[in-house]
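Engineer: Join these two chains into a complex; the hints should help.
Each chain is listed here by its residues.
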Amino acid sequence: MTPDARNLSNSAAVVASGYHVIGPEQDRISSLELQLQACRNAMQQAGIDRTQIGAVFTSRAPMSFSAMEWNMRIINELKVVPRLSSEITVHGAGALGAWQYAAMAVSNGLIDYALCTSGCMGRRWVDLVKVNMGQEADLQLEAPYHPTTPSLYALWATRYKHEFSVSAEDLAQIAVENRRWAVRHPDAAMREKGEITVEDVLESKMIASPLRLLDCSSWYKGGFGTAVIITTAERAREYDRPVYISGFGQATTHEWITERMALSGIEPSMQPNLTTLGAKPAAEQALAMADLTTDDVDMVETSAPFTFLNMMVLEDLGFCGKGEGKDFVRDGGISFDDGLPFNTNGGYLSFGQAPNGSHMAVEALQQIRGEAPGKQIEGAKRAMVHFHGGPAAAHSVVVLSGEEAI
Amino acid sequence: MSSEWDIDWSEGVPMMIGPFQVGQTETSPETAGYWEGVHRGELMIKYCSACDVHLYPRRIFCPDCMSEDLEWVKATGEGNVYSFSTIYRAPLPELEVPYTNGIVKLVEGVYMFGRLVGKPDEEIAVDDPVKVRFEQVVEGQLKLAVYEVLTS
Numbered sequence: 040m041t042p043d044a045r046n047l048s049n050s051a052a053v054v055a056s057g058y059h060v061i062g063p064e065q066d067r068i069s070s071l072e073l074q075l076q077a078c079r080n081a082m083q084q085a086g087i088d089r090t091q092i093g094a095v096f097t098s099r100a101p102m103s104f105s106a107m108e109w110n111m112r113i114i115n116e117l118k119v120v121p122r123l124s125s126e127i128t129v130h131g132a133g134a135l136g137a138w139q140y141a142a143m144a145v146s147n148g149l150i151d152y153a154l155c156t157s158g159c160m161g162r163r164w165v166d167l168v169k170v171n172m173g174q175e176a177d178l179q180l181e182a183p184y185h186p187t188t189p190s191l192y193a194l195w196a197t198r199y200k201h202e203f204s205v206s207a208e209d210l211a212q213i214a215v216e217n218r219r220w221a222v223r224h225p226d227a228a229m230r231e232k233g234e235i236t237v238e239d240v241l242e243s244k245m246i247a248s249p250l251r252l253l254d255c256s257s258w259y260k261g262g263f264g265t266a267v268i269i270t271t272a273e274r275a276r277e278y279d280r281p282v283y284i285s286g287f288g289q290a291t292t293h294e295w296i297t298e299r300m301a302l303s304g305i306e307p308s309m310q311p312n313l314t315t316l317g318a319k320p321a322a323e324q325a326l327a328m329a330d331l332t333t334d335d336v337d338m339v340e341t342s343a344p345f346t347f348l349n350m351m352v353l354e355d356l357g358f359c360g361k362g363e364g365k366d367f368v369r370d371g372g373i374s375f376d377d378g379l380p381f382n383t384n385g386g387y388l389s390f391g392q393a394p395n396g397s398h399m400a401v402e403a404l405q406q407i408r409g410e411a412p413g414k415q416i417e418g419a420k421r422a423m424v425h426f427h428g429g430p431a432a433a434h435s436v437v438v439l440s441g442e443e444a445i
Numbered sequence: 003m004s005s006e007w008d009i010d011w012s013e014g015v016p017m018m019i020g021p022f023q024v025g026q027t028e029t030s031p032e033t034a035g036y037w038e039g040v041h042r043g044e045l046m047i048k049y050c051s052a053c054d055v056h057l058y059p060r061r062i063f064c065p066d067c068m069s070e071d072l073e074w075v076k077a078t079g080e081g082n083v084y085s086f087s088t089i090y091r092a093p094l095p096e097l098e099v100p101y102t103n104g105i106v107k108l109v110e111g112v113y114m115f116g117r118l119v120g121k122p123d124e125e126i127a128v129d130d131p132v133k134v135r136f137e138q139v140v141e142g143q144l145k146l147a148v149y150e151v152l153t154s
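Protein chains in written order, with my numbering: chain A, 40 to 445; chain B, 3 to 154.
A few of these clues could be false.
[Claimed, not checked] Derived pair list, reagent style DSBU-like, types lysine-lysine, alpha-carbon separation capped at 30 Å:
no.	chain 1	residue 1	chain 2	residue 2
1	B	Lys107	A	Lys361
2	A	Lys244	A	Lys169
3	A	Lys232	A	Lys361
4	A	Lys169	B	Lys121
5	A	Lys361	A	Lys420
6	A	Lys232	A	Lys244
7	A	Lys244	A	Lys361
8	A	Lys260	A	Lys361
9	B	Lys121	A	Lys244
10	B	Lys145	B	Lys121
11	A	Lys244	A	Lys420
12	A	Lys260	A	Lys232
13	B	Lys76	B	Lys145
14	B	Lys107	A	Lys365
15	B	Lys145	B	Lys133
16	A	Lys169	B	Lys107
17	B	Lys133	B	Lys76
18	A	Lys169	B	Lys145
In short, the hints are calculated from the structure, not lab data.
So that you can see chain B by itself, here it is in the shape it has in the complex (with noise of 0.2 Å):
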């Protein structure tokens, strides 16, 4: 399968209308740090020290004290489903159904959005266990983090 998400974003992409560009979708620096720890299999998020919190990996600044001053560490992966949902009818018609999508809530307090796997999906349930792993959700598309579902 073609993969659609396999564009080079490092200069950003332009955006057209017919044989027009209208302006630039840009690059995002910002979260090169979680990309770059997806490729090596590593869940990265930001870190205030000012704070002792755990951020989002888009966080620019610190909401709170509004420190710039931002760690990327290392998420240890384990967590708990705070909600989720199994998509019966997918967005596109290649796509096979069901599959779950899902927030969990880290240990360190972060929430993530991600695939659900390794549990058959009308068992999931909010509060199961889980552990992030990496891989393609569609054959031949990027590697995205993903969280197995362990047994409670």
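The shape of chain A in the complex, shown without the other chains (with noise of 0.2 Å):
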């Protein structure tokens, strides 16, 4: 990393977060309505108005909305004209990689203020197994063998476990602890269901060995959408807390399982494997350009949808060395009592999957400036979140601090 790109760190913050959620139980909205009321919520209050949005970034479309171009459909609605707009790709990594467009363009003076939005109504509206089957394979060389979504993530889930000797119950601690976050927070998919034991994980049914249903996320039975404003750092100290984008970074390897281990001679694959994740080099720039380390880090919000993955994310983030998560995790390390604050909300495993994930980010931007949902981490300041997309495939990493951790 050059110079110049340290000089990005704090260098851009959101100064608002909206938010909109649709229970189970409540009537159904398109997805492009769940979007554009987390827009309003958020507009209001940055308290801007159409005129003065720079740029619209946008995760992919929604599974249950498909169009192509989504930006452009948000565009349409709100009536603005960015100077710079565009749908991020990178399956569920897109929502996070949104904000590191939106803090380059501010940062560089392109434009004031950039909007980024993310959302889906999910399986009130389709069935999520199927569509997500089309995404998640190769439509030639795996699809015609009837994968899993799950099925394909367990590749990862067996060579990992065989590598490292990881056992089933190291890894049913991550759904037991991500569960206890979610029985507080009001929102979470598994609130009702209270807390779990590692037995619990291992006696639910097998879904796609080795993963057991308790090991795989929860669809989010609802619809959430987020929406942030992103402003440079200067003027965002006009607003009451901000949050400051300190590093960030992204690393996509591949599309399907298959070409990963067709990928050589490049991190975070200089040999095929399926252990190493391209979230490692995204945090790496993340923290050299936050100039942090990881004993910086007060939270980890990670969008990892299996128990193995979510022990995968921690080791390549930098909180344990490779192969080192089962002793991370087996000595306390994500203890909801007194371990490292992960997945404060529930995760993905808990809280549920909201597509694109960006309840994960707003959940540290809510422990940043005080007002989490569900418990509260006192003087929690700075938190890495990390979204993913594809089978392992995109990844997103930032680092957000509060004003008093800068």
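Structural biologist: Here you go:
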């Protein structure tokens, strides 16, 4: 990274965070309305009108509202004229990737305010299992064998467990800890299900070996839309409790999992492997930009949708070495009681998977601002947020800091 | 069972939203040699003679030397299980479970995805030797390369 890239650190900030939640009992709305309500909420919070929006970046089109060029649908409704706009299509990593483009656009003075939005009504409208299948497998060389999405991720799990002697019990502990956060969050999908034990995970039905039901994320039963307004650090100081973007990184390694095994000679795949994620180079860049280490981080939010992937993410973000995730978790590293606050709304496993994952970033913003709807982490000022998508294909990492932390 | 894969792709397939065509899903001449091989009962992969390296069937040029002078070559079809997963919840209700898919490492060094057959699902292990054969994984559907898991 060049010194110029380090100048990006804390040069942009989130000054408004809008979100719109539709519970499983509420009337259905479209994903378009879901996101627009979040945009309206964010623009009102920031005190800006449509003439001030210089950039619009969206995550990919919602799975329940497929449209080509989703950003154009948003612009169409908001009646804005952005000077920069795109749908950031790196699967679920795009929702947080959008923030990175926004930070670059405002920090170099191209525009004043960027709007980033994401969200999906998900299973309120479509069979997400079928939809997801078409997106996760190579239509010629994988899909004809009828893989399921969990079974594609399971190929990482089988190999990871094989290479590092990770047990099902080690992985189950992650589901147990995530659930403890979820039961305290008003919007978590698994809130009413109560806490679970390692035995509950090990006794849940096998979905795609070695992944059991409680090793897998739960679909968010309603809809979750988010929007943030990002502006320069200088302008952010006029706002109440802005959250600064201290560092960011992205790394995308493949589209289909078998193609990941055809990738070599480049990090994180100098040799073909299913054990190190693009999260590693993304996190290294984010921490280097921020001039921080993992010791400076108060909480971690990830969109990892399976227990084993959460463990790999902890390793690749740098909280422990490769293959040491099992020891980190066994030793209470992510203990709800006194470990690293990890997936503090319950994560994909227990808050639920609201496609594109922005609820995890919203959680980090709320924690830093001291307004978490669930359990508030006292004094938390810095978060590492990781979004991912594809079969562990695309990764975005952002380090966020409250004003006191920079 | 009617075959959802039994589509004539030779001219591409129109992508429709209601009555409106919004684009075209293209055919892919770059993988034709692979499917012709499956039809003959041969596992075909690509080969870069400049780098002396075998490549995944879809490669259009060698990512290292950038040569587009790639040859289709017949693989031995032998290799080992690199990873696998046994599916207990199928994506379609008509599919019988369990069944196992995996990634195998061919002796040529190319990794391929496929169905693992010939050994009870619960006994399949990483590193088991495999040998390709060609069969319909679902009766009436496209013939595919599958990998027989041999006793190690």
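Engineer: Now, for every hint given, state plainly whether the structure supports it.
Structural biologist: Hints versus structure:
{"no.": "1", "hint": "B:Lys107 x A:Lys361", "in the structure": "holds, 23 Å"}
{"no.": "2", "hint": "A:Lys244 x A:Lys169", "in the structure": "holds, 20 Å"}
{"no.": "3", "hint": "A:Lys232 x A:Lys361", "in the structure": "violated, 33 Å"}
{"no.": "4", "hint": "A:Lys169 x B:Lys121", "in the structure": "holds, 29 Å"}
{"no.": "5", "hint": "A:Lys361 x A:Lys420", "in the structure": "holds, 27 Å"}
{"no.": "6", "hint": "A:Lys232 x A:Lys244", "in the structure": "holds, 17 Å"}
{"no.": "7", "hint": "A:Lys244 x A:Lys361", "in the structure": "holds, 29 Å"}
{"no.": "8", "hint": "A:Lys260 x A:Lys361", "in the structure": "violated, 34 Å"}
{"no.": "9", "hint": "B:Lys121 x A:Lys244", "in the structure": "holds, 22 Å"}
{"no.": "10", "hint": "B:Lys145 x B:Lys121", "in the structure": "holds, 20 Å"}
{"no.": "11", "hint": "A:Lys244 x A:Lys420", "in the structure": "violated, 39 Å"}
{"no.": "12", "hint": "A:Lys260 x A:Lys232", "in the structure": "holds, 14 Å"}
{"no.": "13", "hint": "B:Lys76 x B:Lys145", "in the structure": "holds, 17 Å"}
{"no.": "14", "hint": "B:Lys107 x A:Lys365", "in the structure": "holds, 27 Å"}
{"no.": "15", "hint": "B:Lys145 x B:Lys133", "in the structure": "holds, 16 Å"}
{"no.": "16", "hint": "A:Lys169 x B:Lys107", "in the structure": "holds, 29 Å"}
{"no.": "17", "hint": "B:Lys133 x B:Lys76", "in the structure": "holds, 14 Å"}
{"no.": "18", "hint": "A:Lys169 x B:Lys145", "in the structure": "holds, 23 Å"}
Of the numbered hints listed earlier, those contradicted by the structure are 3, 8 and 11.
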